[in-house]
Amino acid sequence: MSHFEFKRERFDLASYQVLLADPVAGAYAGFEGWVRNHNEGRAGVLHLEYEGYEQLGVKEGERIIAEAAARFDITKAHGIHRLGKLEIGELAVWVGVSAAHRDAAFDACRYIIDEVKHRVPIWKKEHYADGDSGWVNCEACAAHAAEHHHSSPQEST
Amino acid sequence: MAEIRVEYFAILREHVGCAHEALSTPATTVGELYAELDQRHAFPALGRLKVAVNDEFCDWETPLRDGDLVVFIPPVAGG
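Read top to bottom, the protein sequences are chains A and B.
Each residue of the first sequence is one higher than the one before, starting from 1320 at the first, in my numbering.
Each residue of the second sequence is one higher than the one before, starting from 116 at the first, in my numbering.
Just chain B, same shape as in the assembly:
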């Protein structure tokens, strides 16, 4: 089990109802973590979702480690 922290922004923050949560997860990758949290929160289907661990973009197979900060990134709209 990894002790991790998840932060939510924009549409995901509003959907989940909080900006961050700390949890202990059996997930071994960020992709598995997304699936676990999707079960709990029923995330809205967002086409081009990206993910970051510890403030860097990463792929969905990135392994989870204790203390990681994970952020799921909905389609962006700067400018």
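Bound conformation, chain A alone:
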């Protein structure tokens, strides 16, 4: 079974949580990321659009979960990220971890969501009430780079 996947439609979280159940697991920790109506001090987000490089994204997600399994004493873990258009309040990402004890479940869950946000090739476009839209982490970055005349990606990693 895969441990990380993308979904283009809403899904029933309960049906994935039960996959983490195990007789040795006494703890479950889950993280749900929801779509909010503001970002970086700016209000008026109407909806979001997520785009993913799915072939690489699934591999990177699997690697992250394997890392978590090696670092923490967990039983099972699974992650799901939505793609496409999402409305305010919708579930955008879920990470669930089961373990014998809660410390490992919490720590692994935190590790997985943090690494997913930094490493999995997913992009988020915000659409605002005033008609503006932009790719998070790209627009400001592009403007900043232009100001400072950066050009080569090789030099600025």
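Heads up, a few of these hints could be off.
To be verified - Okay, derived cross-link-like pairs now, DSS-like style, lysine-lysine, Cα gap no bigger than 25 Å in a straight line:
| # | chain 1 | residue 1 | chain 2 | residue 2 |
| --- | --- | --- | --- | --- |
| 1 | A | K1395 | A | K1444 |
| 2 | A | K1436 | B | K165 |
| 3 | A | K1378 | B | K165 |
| 4 | A | K1444 | B | K165 |
| 5 | A | K1326 | A | K1436 |
Said to hold, decoys possible - Not the full set, but computed from the structure, chain A residues with beta-carbon under 10 Å of chain B:
| # | residue |
| --- | --- |
| 6 | G1352 |
| 7 | Q1374 |
| 8 | E1379 |
| 9 | F1391 |
| 10 | H1400 |
| 11 | K1404 |
| 12 | E1406 |
| 13 | I1407 |
| 14 | A1411 |
| 15 | V1439 |
| 16 | P1440 |
| 17 | W1442 |
| 18 | D1451 |
| 19 | W1454 |
Hints are computed from structural coordinates only; laboratory data are not their basis.
Backbone N, C-alpha and C fix where the C-beta goes; we use that ideal spot for every residue, glycine too.
Assemble the complex: chain A is given as a structure, and chain B must be docked to it using the hints.
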């Protein structure tokens, strides 16, 4: 010349105006390919750009081979 395919996502897809293109290139590395395509498309300056060949992250010195799929990866924003 290597016959390769490039796929674009997110801000780069919108900037270039298409999701993928096939091309024959004199570039020998993915870094040279980026420079060649930057000449043609004038990519927006994106700070922490990464690159993947055949669905795996790689460095900018990775040699290009016939049939390669190259993807330039703008700063990500999952979650």
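Right, here's what the structure says about each hint:
{"no.": "1", "hint": "K1395/A with K1444/A", "in the structure": "violated (32 Å)"}
{"no.": "2", "hint": "K1436/A with K165/B", "in the structure": "holds (15 Å)"}
{"no.": "3", "hint": "K1378/A with K165/B", "in the structure": "holds (16 Å)"}
{"no.": "4", "hint": "K1444/A with K165/B", "in the structure": "holds (19 Å)"}
{"no.": "5", "hint": "K1326/A with K1436/A", "in the structure": "holds (16 Å)"}
{"no.": "6", "hint": "G1352", "in the structure": "holds (5 Å)"}
{"no.": "7", "hint": "Q1374", "in the structure": "holds (4 Å)"}
{"no.": "8", "hint": "E1379", "in the structure": "holds (8 Å)"}
{"no.": "9", "hint": "F1391", "in the structure": "violated (20 Å)"}
{"no.": "10", "hint": "H1400", "in the structure": "holds (6 Å)"}
{"no.": "11", "hint": "K1404", "in the structure": "violated (14 Å)"}
{"no.": "12", "hint": "E1406", "in the structure": "violated (17 Å)"}
{"no.": "13", "hint": "I1407", "in the structure": "violated (16 Å)"}
{"no.": "14", "hint": "A1411", "in the structure": "holds (7 Å)"}
{"no.": "15", "hint": "V1439", "in the structure": "holds (5 Å)"}
{"no.": "16", "hint": "P1440", "in the structure": "holds (5 Å)"}
{"no.": "17", "hint": "W1442", "in the structure": "holds (4 Å)"}
{"no.": "18", "hint": "D1451", "in the structure": "violated (14 Å)"}
{"no.": "19", "hint": "W1454", "in the structure": "holds (4 Å)"}
Violation of the numbered hints given earlier is confined to hints 1, 9, 11, 12, 13, 18; the remaining hints are satisfied by the structure.
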